[in-house]
Amino acid sequence: QVQLVESGGGLVQPGGSLRLSCAASGFSFSDYAMRWYRQAPGKERELVAAISWSGGSTMYADSVKGRFTISRDNHKNTVYLQMNSLKPEDTAVYYCNVNVNDMDYWGKGTLVTVSS
99 QVQLVESGGG LVQPGGSLRL SCAASGFSFS DYAMRWYRQA PGKERELVAA
149 ISWSGGSTMY ADSVKGRFTI SRDNHKNTVY LQMNSLKPED TAVYYCNVNV
199 NDMDYWGKGT LVTVSS
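Numbered per the numbering used here, the sequence shown finishes at 214, counting up by one with no gaps.
Just so you know, these hints were derived from the structure itself, not from any lab.
Check the hints yourself; a few may be wrong.
Claimed, not checked - Straight-line C-alpha distance at most 27 Å; calculated DSS-like pairs for lysine-lysine:
1) Lys-206 / Lys-185
2) Lys-163 / Lys-174
3) Lys-141 / Lys-185
4) Lys-163 / Lys-185
5) Lys-174 / Lys-141
6) Lys-141 / Lys-163
7) Lys-163 / Lys-206
8) Lys-141 / Lys-206
Work the whole structure out from these sequences, hints included.
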């Protein structure tokens, strides 16, 4: 079965950096686009970044452009989110997502808190 396991969250000061990882299993990872979403307290879940199956194409929400970088390692079945210049408004639970055969799969998420 499809499994997505996020890691790398934590508490960081404004201006700091974190690297999130999402380990995937149960499907042919290199055949699918991958996405990172986030959900802040009291807000709807929003798409943060996406990457094509090959890694050749990426997209970012306007709020994170120039600060976040999505990447993948198809040999390790892992997708990453490098987050730099973090702001308090980046505080959220970050989720990894894949759509396989028209079904969305989600990890349990990893909490990122940006605070001084």
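**Request:** Against the structure, test the hints numbered earlier, and report the numbers of the ones violated in rising order.
**Result:** 5
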